[in-house]
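Visitor: Be aware that the sequence shown starts at 739, since it is given in this note's numbering, and climbs by one per residue.
Honestly, the hints are just simulated from the structure, not real lab data. The C-beta atom is built at its ideal place from N, Cα and C for all residues, glycine as well. Any given hint could turn out to be false.
If you anchor each label on the Cβ, the simulated ranges turn out as follows [as the list claims (entries may be wrong)]:
#1 SER1005 to PHE839: 31 to 41 Å
#2 VAL842 to ALA805: 28 to 38 Å
#3 ALA976 to PRO1007: 15 to 25 Å
#4 ALA1149 to GLU969: 25 to 35 Å
#5 VAL1174 to THR980: 16 to 26 Å
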Amino acid sequence: MIFGALLLAGCNFAPSYKRPVTPATVGYKELNPETAKQLDGWKTAEPKDDAIRGKWWELFNDPKLNALEDEVNISNQTVAAALANFLSARAVVRQTRSQFFPTVTANPSVTRQRQPVLVRSNFGGQTNSRPNTFTEYILPLDASWEPDFWGRVRNSERASRYEAQAALADLENTRLTIQSELAVDYLQVRSLDSQEKLLTDAVDAYRESLRLTTVRHETGIASDQDVAQAEIQLDSTAAQATDIGIQRAQFEHAVAMLIGKAPAEFSLPVAPLDTKPVAVPLGMPSQLLERRPDIAAAERRVAEANAQIGVARAAYFPNITLSASAGYESTSTANLLSGPAFMWSLGAAAAQTIFDAGNKFAVTAQTKAQYQSQVANYRQTVLGAFQEVEDNMVSLRLLSTEIQQQDAAVAAARRYLNLANDRYKLGIDSYLNVIVAQTSLLNNERTAVSLRLTQLQSTVQLIKALGGGWSGELTKPDGKS
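Please model the complete structure; the sequences and the hints are all you need to start from.
Guide: Laid out in structure tokens, this is it:
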């Protein structure tokens, strides 16, 4: 019984695995004291990629964006490749697991043979008599098994299972990355639509200004210089509108690629950026950080490297193979399956390398170094996750103030343009002041649109940094518990 238990349990030379300690933080630097009160009851983040992320993009309430995001899982080729990688890794698990069981083979054969019968002559020589011709039928069944005494197969299976889990996390990370990239590019298209509308409206206004200035010139009120300045203003703004069209087409092509379509088969209707900012709760419970799939993938690969140490250590011990063979052998099909034709054999073999010039020691040292490398990668991934969250939180916090300041600048620029127009019509100032005021207003309006785009894109990046969307039982999008 002791031998049987040992046979089943075997040895395991892999180190006892514990998730590496990572730099822990009790809160984010960007949280204000009022929000920090919500930290009670939080816990240290742990990788967890099995939570449902949900359709986080629906927070922006944009039906077109929702429809595009739904196509990512179906048509995006990068996601398809990641899915294939996961399926391949899962097949490797089944392949490795098969080594726990014996290998059974059948090799039936029919052989027609002709053998001479040698008869010794009276003179001491050999002469051939009538040859012996017969047919041999063999119906064998062979089995071989290498018991996992040293845990090589178990650790190999464990390592492949961890790699499959990491591949699944990679799939989730790829999907989340593509989804966020699609949202960023889509919002960029909408921002360019808004800027193109500003430029188109400005071109119409400048064309009217040129007409009025031309009339004033014909009546002797305005100079040739005023007309030339109005023409320059009109033409340069029209050129900017054309350049916006180039950028928009390129981002539209990028969106098409992300949803797995050729650019010629896809187009986005023109629509200004009217998406409202989403109030992402900054006091996130640590479960959301657990859901980052890249952290989960990095941790699984640490566990995989730990199991590989056990595989390397098992190579120090002999490979023991048990074999068995049974079947029937006869020269006639009539008695092939009879008792006298039955044959069998049992055997065992052990193979051990006597000298390999330190190869096994080097392989073991290599696996240990690879484990340390994966630990460092895991810790760096966690640090990078915290940095990404902090970066986007500070961006959203400061952008809120900056947008208010920019809106005030737009209002001031609009008031300045009205004053400049009035003073020009009264003949107090030259047309150059009007041009300066028009340029200032247009630039400030475009800056305001760009800031709102940055705010929305930072929101997308913050959601991505937190591992995707969040469920209502944690914190609602409006910030209320």
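Visitor: Could you run down the list of hints and mark each one as holding or not?
Guide: Hints, one by one, checked against the model:
1. Checked against the hint of 31 to 41 Å, the pair SER1005 and PHE839 fails, with Cβ atoms roughly 56 Å apart.
2. A hinted range of 28 to 38 Å for the beta carbons of VAL842 and ALA805 is inconsistent with their spacing of about 54 Å.
3. At roughly 23 Å, the beta carbons of ALA976 and PRO1007 sit within the given window of 15 to 25 Å.
4. Between ALA1149 and GLU969 the Cβ separation comes to about 29 Å, which falls inside the hinted range of 25 to 35 Å.
5. Evaluation of the 16 to 26 Å hint for VAL1174 and THR980 yields a pass: the beta carbon distance comes to about 23 Å.
In summary, the structure is inconsistent with hints 1, 2 from the numbered list given earlier, while agreeing with the others.
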